[in-house]
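Participant: Position chain B relative to chain A; hints supplied.
Residues per chain, in single letters:
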Amino acid sequence: MRLFSLALAGVVALSAVTFVLGFLGWLQWRMESEPLHSTLEAGGGLAALVVGVFLLRKDGERGQWKGLLVGCGFFGMGILDLFHAAALPGHGFVLTHSAAGLVGGVFFALTWVAGVGRYESLKRWLPLAVISCAGAFGLWSLFLQGTLPPMVADGEFTAFAKTLNLLAGALFAAAAARLLLDYRLTGNKDYLLLFLMALLFAMASLTFQFSRLWGGQWWAWHMERLAAFLFAIGWMTKTAMDNLAVRAEVENRLGEANRLLVLEVEERRRAWEELRRAGAYNRSLLEASLDPLVTIGPDGKITDVNAATEAVTGFAREELIGTDFSDYFTEPDKAKAGYAQAFKEGLVRDYPLEVRHREGSVTPVLYNATVYRDEEGRVAGLFAAARDVTELKRAEAKIRKLNEELEQRVIERTAQLEAANRELEAFSYSTSHDLRAPLRSIDGFSQALLEDYSGSLDAKGKDYLRRVRSSAQRMSQLIDDLLGLSRLSRVEMHRAEVNLGALARAVALELQKAEPGRKVNFSIAEEAGANGDVRLLRIVLGNLMGNAWKFTSRHPAPRIEFGTVEFEGKAAYFVRDNGAGFDPAYASKLFSPFQRLHPASEFPGTGIGLVTVQRIVRRHGGEVWAEGEVGRGATFYFTLSRKEAADE
Amino acid sequence: MNKKTILLVEDNADDVELTRRALKKNNILNDLVVAGDGVEAIDYLFGTGRYAGRQAEELPTVVLLDLKLPKLDGMEVLRRMRDDERTKYLPVVILTSSKEERDLVNGYKLGANSYIRKPVDFIQFTSAVENLGLYWLLLNEPLPRPA
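First to last, the sequence lines map onto chains A and B.
Quick note: the first sequence uses my numbering, first residue 859, plus one each step.
Quick note: the second sequence uses my numbering, first residue 441, plus one each step.
Just so you know, the hints here were simulated from the structure itself, not pulled from any lab data.
Treat the hints with care, since some could be wrong.
[Said to hold, decoys possible] With a cut-off of at most 20 angstroms between alpha-carbon atoms, the simulated SDA-like pairs for lysine to any residue come out as follows:
1) K539/B <-> R1393/A
2) K1096/A <-> N1046/A
3) K539/B <-> Q1331/A
4) K464/B <-> S1304/A
5) K465/B <-> E1309/A
6) K539/B <-> R1332/A
7) K539/B <-> A1295/A
8) K464/B <-> Q1331/A
9) K539/B <-> E1309/A
10) K465/B <-> Y1311/A
11) K1320/A <-> I563/B
12) K511/B <-> D1292/A
13) K539/B <-> S1347/A
14) K465/B <-> S1312/A
15) K539/B <-> T1470/A
16) K511/B <-> V456/B
17) K464/B <-> L1307/A
18) K539/B <-> L1293/A
19) K539/B <-> F1285/A
20) K539/B <-> S1288/A
21) K539/B <-> S1304/A
22) K464/B <-> S1069/A
Extracted from the complex, chain A is given alone in its bound form (with noise of 0.2 angstroms):
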């Protein structure tokens, strides 16, 4: 480019020179030749007409406007010149020439106005219009040349053609002076070159009232135009090829971008396919659930429901969607404050709602929500899914009401039971009360008769007496013991430690107190410590140790222990004596009531100790069990638990 720049310019700085050495009288040689004169001009039009055509091909909106009009300006020239070539020397021949000079003026000049009117129309008809108007007067120049105004006079240009042509070089200059500016304003070489062209046409017209036809500074000016018109087609070429080259690049690099898209769009096509069969996949999965599931907006507004949610509320999806959550609820505000906990906490768990559905059932529910956001993090909505809790709901509704059942039968249950402890009370006070009046009685006269009539009775009368008195008496015993017996189930347990040790050297004082008489070896434990009632593991002790303390009456060297023993991990309480023992073959007959494995007149008692003492350990939720070996001693032992016995 810059080459044809530099050459252009260096043209155009030739005929400058030219032309002052022109003036200055240098170049006076002087050759005549026709032919070589037509060759150049004819050269010199068609390069117009090329140039022409190259400019009405520009870019560029400005750009178009002035190529158009240049363009133009060219044709003008182009056609003239072409007339002029074919003119010989005469008003015609340099009618032409100035006419092509002002119509070429005439254009470039134009530029200052580039851009008035419709382009598009414009560039349809005014080059034709211009070649048409051109080649007319091209015609009328030469053929009736004689209709025209005189261009030479006496050897001289005429004032006319001095005008003509001093007018077409104003309009050149002022053309020459716009290209530069353009030239400045965008750096388009283009307007370089058309600005130097401009300045080389303004020289020739401005010099050409100095030329002399056929002289040397004219054929000079010839070349140097048929040179520059060449450089200008020259440059235009390569601007030409330079775009073509462009053009394939972007031609090339746009296919190449055109295959990398297509290859992206093949593979978007193929993650959105996967996205959709994700989703699709993610909306089975929403529709298969039994559970109501629903996307709610931050307005509160259903956005999406599934198949469950259109079951319980009664309405379709479409009838859903957009309408305001709370309003299938049969507590709105209820559902309102709920999701507003939600939006808040980020989620709600297990929230208790009942749900309306459009023909008035209701299903009772807990709802699960929880917040989803988008990539910046804001609260996008909802999601919120509900459980069934009907057949909860049901149950619990059914355990409350067995439970309620339940306390009702306890509490009848607890009254009959006191109602029949009260009947039992009242049974055992008058029994007591009501059985020793007449045995009283029995006693009382057996005894009268005893004494005020012994004088009456023989030795087997009094004999029959007192055995009727014994009787009396043991009845009393028996009642009594029954009695206590009884009311050992029914007395309220007061558990708290209690200390057996103590408690068993309390009950040998007493034995011992109520007969000082006898002397018996006590083995007690220091500490023998049991959770129970006081009293009941009184009578227990009292019973036991009474016992040995009966049996061992007959021996010589009675010996009473009491301690604990492990049994079967847990602790064992024993006492143990030295006396009379028993068979252990009727060890079971021990704790049954009034079963007795000694007669009476061997050793005293109504049978009901033991019984006692099974009852209370039992009550106690313990056992009571017994070794023994006749003649050799016995050994009874207990276990206490720390709870209640189930049945007590």
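Facilitator: Chain B only, in chain A's frame:
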């Protein structure tokens, strides 16, 4: 004049007989007045009903009171006695076969002076009566009668 009477409130005829015998055996020769039920006891003490016309000032020295009585029971008799100024300080010995702790407690609460359980054994019974007689009739100083 001023014979020390014993009021025995007892419904059981046998017990009455045995008591009478026991007293005799112990040479307690005071008059024994027997009331067969609670109403009779009250009537006697206040000179009402059956005993209308009796001089109510002449109160017994001691009242031996059984608890289980027909019509008005022993506790009620005791209560009424204690509610009345005339008999408020009259010594009452509850003589009963009941071993109920409840009766014991209530007896004392209502103002009985003594609580004796009637033993079945007659010998013991006789001894109890002897002690009673000796104590309440001879040893104990009753509230003086208003002149």
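Participant: Could you run down the list of hints and mark each one as holding or not?
Facilitator: Checked hints:
1. Distance restraint check for K539/B and R1393/A: the Cα-Cα separation of roughly 18 angstroms lies within the 20 angstroms cut-off, and the hinted pair is therefore satisfied.
2. With a C-alpha separation of about 14 angstroms, the suggested pairing of K1096/A with N1046/A holds against the 20 angstroms cut-off.
3. Restraint check: the Cα-Cα separation between K539/B and Q1331/A comes to about 16 angstroms, which is no more than 20 angstroms; the hinted pair holds.
4. Among the hinted pairs, K464/B with S1304/A is consistent with the structure: their alpha-carbon atoms are about 17 angstroms apart, no more than 20 angstroms.
5. Between K465/B and E1309/A the CA atoms are separated by roughly 11 angstroms; this keeps the pair inside 20 angstroms, and the hint holds.
6. For the proposed pair K539/B and R1332/A, the alpha carbon gap of about 17 angstroms is at most 20 angstroms, so the pair holds.
7. Restraint check: the Cα-Cα separation between K539/B and A1295/A comes to about 13 angstroms, which is no more than 20 angstroms; the hinted pair holds.
8. Proximity of K464/B to Q1331/A is assessed by CA-CA distance (about 24 angstroms); at most 20 angstroms being required, the pair is judged violated.
9. Taken as a hint, the K539/B and E1309/A pair is broken in the structure, with Cα atoms around 28 angstroms apart against an allowance of 20 angstroms.
10. Pair hint K465/B plus Y1311/A holds up; C-alpha atoms about 14 angstroms apart against a cutoff of 20 angstroms.
11. Taken as a hint, the K1320/A and I563/B pair is honoured in the structure, with Cα atoms around 16 angstroms apart against an allowance of 20 angstroms.
12. As the CA atoms of K511/B and D1292/A are separated by approximately 17 angstroms, the hinted pair is consistent with the 20 angstroms bound.
13. Restraint check for K539/B and S1347/A: satisfied, since their Cα atoms lie roughly 18 angstroms apart, inside the 20 angstroms limit.
14. At roughly 15 angstroms between alpha-carbon atoms, K465/B and S1312/A fall within 20 angstroms of each other, so this suggested pair holds.
15. Of the pairs offered as hints, the one joining K539/B and T1470/A holds, with about 19 angstroms between alpha carbons and a cut-off of 20 angstroms not exceeded.
16. Between K511/B and V456/B the alpha-carbon distance is near 18 angstroms, which keeps this suggested pair within the 20 angstroms criterion.
17. About 15 angstroms separates the Cα atoms of K464/B and L1307/A, which keeps this hinted pair within 20 angstroms; it holds.
18. Straight-line distance between C-alpha atoms of K539/B and L1293/A comes to about 12 angstroms, which keeps the hinted pair within the 20 angstroms bound.
19. Taking the CA atoms of K539/B and F1285/A, the gap is about 14 angstroms. The hint holds against a cut of 20 angstroms.
20. A distance of roughly 11 angstroms separates the Cα atoms of K539/B and S1288/A; the hinted pair therefore holds under the 20 angstroms criterion.
21. Straight-line distance between C-alpha atoms of K539/B and S1304/A comes to about 24 angstroms, which puts the hinted pair past the 20 angstroms bound.
22. At most 20 angstroms may separate the alpha-carbon atoms for a hinted pair to count; K464/B and S1069/A exceed this at roughly 199 angstroms.
Of the hints listed earlier, those the structure fails to meet are numbers 8, 9, 21 and 22, in rising order.
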